[in-house]
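Asker: The hints should help you fit chains B and C onto chain A, whose structure is shown.
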Amino acid sequence: MRKRHLTRVVGLFAAGALLLAACGDADDNGADDESVDAGEETVEDEAEEADPDDDGSGEAGAAVEDADFEVYALLPQGNDQPYGTTYLPPMEAAAEELGIALTITNSQYDADTQASDCEVAVAAQPDGIILWPAVGDTVRPCLQAANDAGIPVTITNSDVNEEDRDLTRGYSGPDTYGQGVASAELMCEFADGQDLGIIMINGLTGNSTAIDRENGFEDTINEQCSNVEILARQPGNWNADESQIAASEMITAVGAPNIQGVYAADDTMVAGAIDALRSRDIDPTELIITSIGNTFLGNPLVIDGELDGTVFQSSSWDGENAVTLMHEVLTEDPQDRLVRFMPDVKVTVDNAEDEDVAPEW
Amino acid sequence: MSATESTSPAGEQTPASDGLIERGRRILSRRTEGRAVGLLMVVWVFTLLFEPLVWTSYEVTLGRIALVGLVALGLTAVILMGELDLAVASTLAVAGVIMASFDNLLLGVIAALATGLLVGAVNAFFVVIVGINSFIATLGMLFFLRGAAFVISGEQPVRIADVDAGIAFGQPVIGPLTPRMLIFIVAFVALYIFLSHIRVGREFYAVGGNRQAARDAGIPVTRRVFTGFMISGFISALAGVVNTLERTAADPTAGSTVLLASFAAAIIGGVLLNGGRGSVFGTLIGASALGMLQVALTLSGVQVDVQNIVIGGVLLLAVITDPASLRAATVTARSLMQGRAAQQDTGGVRLFAHRHPRWGPHVHRTREMTRCASDT
Amino acid sequence: MSDKEPGVPPSKTSSETPVPVVEGRGIVKRFGGTQAVDDVSISVVPGEVHGLVGENGAGKSTLMRVLAGVLTPTEGEVLIGGQPLDPGDTRAALDAGVSLVHQELSLVPEMTVAENILLGSTPTRAGVIDGRTQRRIARAALEEIGVTVDLDEPISRLSVAMRQFVEIARAIARQPRVLILDEPTATLTPAETDHLLATLQRLADTDLAILYISHRIPEIFALCDRVTVLRDGKLVIADEIGNYTPDSMVKHMVGRELQLDMEHRRVEPEHGEVMLSARGLKAPDVNDVDLDVRAGEIVGLGGLVGAGRTEIVRAMLGADPRTGGETTVTLDGRRRRIGGYRSAVHAGIAYIPEERRTDGLSLTMTVSDNIALPNRSSLSKGFVLQRRRIAEFARSLAETVNLRPPEIEREVGQFSGGNQQKVVIAKWLGRRPDVIVLDEPTRGVDVGAKAEIHRLIRELADDGAAVLVVSSDLPELLELSDTIHVVRDGRIVGVLPGVGTDEAAVMALAAGQQEVDAA
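Chains as they are written, first to last, in our numbering: chain A, 1 to 361; chain B, 1001 to 1376; chain C, 2001 to 2519.
In case anyone wonders, no lab produced these hints; they're calculated from the structure. Where is the CB? At the ideal position from N, CA and C, for every residue including glycine. It is possible that some hints are incorrect.
Said to hold, decoys possible - Derived list of chain A stretches under chain B, where covered just means 3 residues or more per stretch with a C-beta under 8 angstroms from a C-beta of chain B:
id, region
1, 75-81
2, 98-112
3, 117-123
4, 132-138
5, 203-212
Isolated chain A (complex conformation):
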């Protein structure tokens, strides 16, 4: 009896130790000022410092007492995804520079978790909330709650639905429509007035990014180069394998000789499409191929000449501007909703190896 009791107590102590260890991990550098301050502020301070520490950027230890603003960033990904891994450091660096204490959450694309994170954030009464919607259709209650509490919300990476935008103060991130436009402009440029039959591989059906890119691309083709004709289109669901199957089907349906070009809505899918071409003994360098992304996967394809052009989506720009936009909202209190689109830098074989378009994810 006694022994069992003892073990239980030891177990509890171990639990405590574990918790302590977890907290200790979080406030490594904040320990100094933590003992002085108490209450909520300390809490946020710890939190803020935990993050630069986590990704090892080494800029920790800044004078957090100087933080002018406290901001929650509700993200659906973090160091668990390639994009988030390169998104976070510039975001944290910008926050530090601008005197913003950031608390970052990661809902792992679970809308319910993000909604709960949002409740937590609203309860903490920060100066602002940066939201990257996990599922665009589900953020309305969160926006509503923040608004009711008088907390300004800015959106990063992917904008909310049209009808929800008046609840937000701004958006920074890729102009998904513009990315389609840029990719189409590349296509027109390469076509150079000649007749061109292309196949089109889109993102996940119904996904807003997929729709925007498809519209941007198609509208631009129709306006600027009617010599380019979309012979067939299929979704590749942001996935290389599915894209390869889709491309292969379209090659069969349309007939290989009729195809002179390929557009895919991102670099991952274009890689799948190029594989499909190769497996049909079609030399991808002979075709005009464009996509969007300039990722670690797409950039080498451009250098190799297989992918003729892609549009740079910079995760570091995305992360940094999420904070700068919020800072602008907090300091200048603009009347209108701010929209800051990521510049659509076109990447071709001419500039693919340049420093400023080095792939980030």
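Answerer: Same frame as chain A, now just chains B and C:
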């Protein structure tokens, strides 16, 4: 033999004479929620010290507990019978999608809940009628329903018919309590009564604790398993409905973090995965500890990966401090340490004598017999 | 409980033959080819305690399960209070008042005492459990057997003995007309046994019929009014207790003539040095055991099931934790202590456990893989097993043990029980053990395979191995052993020579009959 002479009235007499403290201690020692309570205390102390916001904005914390705990309550009913239901998260997603597909909100809710019951019945069918291991059967159901959610939704979030109703649903109705919390409380109370005071529910423990004995005693085991899985399916669907209403849209990928969190809540709450032991009260405490921990860690800005490490560590602790595995460990330790003193402590049968002093003399007699036997 | 059986007239006082509460007529029960019960008739009248005795495997438990409606008889019929019982209908038997206390416990560990006593018939009021009635009935049942236990204690927190009492209370709570108990004292201490016997006596005085199964002779004499003796599934004799003496009962149980096959007996075996030796061995169910086995000697451990034979062997080899004493093994003149089981194996001791299905064999692996298992080091180069050498090795061993069919690439699970046992033995023969310990080497084995296994064991001893055999099969023990140690209550209560000892002598020691004589 003194044992045979006395036929003192059995039962209540002994505990009544023990006094209140002893009696309370005895009742406490029988509960299975000890570890969960301990963990909750630790969480309380730490949050009070480092993250008082968890307490000051208690409505947020309550919301998170209800989010984590609702599915876990239903799951408890299944685990008590020694079965698993891995399909809970997918049931949640598919129920949400089905509900959002209806133009009439009420119709949608009814259809979603009916789907939950149906899913539970199908699970039970495969487990008890076909005889497939519940891990496998519900794993299949997990994938099937996830696929179904994608197909029904057209692979994208479905907005509910009446978005404003959804937003209103997220608002407090009684004090700070939102409908989600009220539903959680009602589900808890209903399941608590069902599993402790209703015969059908109480027999879940027999089904999980010793299935053959349950059969021998004439308990309709098949019907009980059906009931359990249908409870789990229904509550998962209910959670799907609540989530969908609060978010104003159904997401076919919903519930990705639900499955593990609800199992964690049940296990931390002292529910034995092999069945037969545990309570929804334990699950409630487990969910509370987990929910508070999550809120506190989120408020501290601890990365999700680190949060997962903490929760995983707590889960492991809950399992290794399980009394059942502890007992095995202490017996081994005892036999190692008390080699020579073995006569004083021979485990089970002696316990009997220890608890009932009037059986005491048998030790003496055993020695006598030893002597006379070796004489022969 | 006093108004228990209104329909049955008080019988003890009446002079004419009372109506039996439970009666079996010409019961035959076959399992496959085995005749477990062969044309047995038995009846129990109210107020009677009827003993059912026999050796292990005599068919007692099978007969009892038929009477309780758990098993359907192959032939014959069961009558409850004169009414025929639907064969195999547990529920009907329960309702008719037959309550069975199983040998293996059938309680729900995490439910309380009260709940377990009323399991399956929990009293409710509008679906809600009526805790008060539940406790009242449970308390009454416990009082009936004179046991004090907290009604709200979960079963898992009770001792094994107390669980046995709760089990009996559960049977009582069903208000039975006949109570069948299968070896209820197997887990009880002497004091608890006495209490149980007195309780049963009292219950019988209230006109409850009791069918009591045991192979403990003293208990039978202390409790029973009539005794039926079974042997090999057949009824040997059924008579009033007064017409038996302990000796005659044992003779009826053992019955057969000495079946010793003297041609096969080892004549004047040569015994060498003591190779395996235990001193002051203590463990749960093992009380201070000294045991020596010499080179070339076959030592038999005899005793009833549950006497602690297996426990002694396992504690000796370190397979189960010891609480005291030590075991040494002497090989090539070097004496070594045996700590854990690994060191026993390492020292060259082969152990063939009782539960071969769980302990000795991997049923889904092939014969050759199983044989190779303990011999891995000699059959591999570095970490790589050499398949061809394994196959040759396995084939030669399978030949030695006369495996049928001799297909070494078949899964072990597809062989008959006897051949599985041969594989176990072959597995250890491969190591040419100097010390070999066999627990029930021929259980579930047909006659032919049995002779084969006996021959192998003798060959091992002739080659100078020290052999320790545990067996419940008396003829086997007598035939094989050079020396027989009889075990009771975890102690060695007698050492008999293999030659010149008969079954009755061993049985008398094992059943503790001497104790009765002394008392």
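Asker: With a C-beta cutoff of 8 angstroms, work out whether three or more residues of the region 98-112 of chain A approach chain B closely enough for the coverage to hold.
Answerer: It holds: at least three residues are needed, and the region 98-112 of chain A offers 11 whose Cβ sits within less than 8 angstroms of chain B.
Asker: Just to make sure I understand the rule, a stretch counts as covered if three or more of its residues have a C-beta closer than 8 angstroms to a C-beta of the chain. Does the region 203-212 of chain A meet that for chain B?
Answerer: Result for this restraint: holds, n = 4.
Asker: Between the region 75-81 of chain A and chain B, see if three or more residues pass the 8 angstroms beta-carbon test, and mark the coverage as holds or violated.
Answerer: Held - the region 75-81 of chain A has 3 residues with a Cβ nearer than 8 angstroms to chain B, which meets the minimum of three.
Asker: At least three residues with a C-beta closer than 8 angstroms to a C-beta of chain B: is that true for the region 117-123 of chain A?
Answerer: Our answer is that it holds, as 5 residues pass the Cβ test (under 8 angstroms) against chain B, meeting three.
Asker: Holds or violated: the region 132-138 of chain A covered by chain B, criterion of 3 or more residues with Cβ-Cβ distance under 8 angstroms?
Answerer: Per the Cβ count (4), the hint holds.
Of the numbered hints listed earlier, not one is contradicted by the structure.
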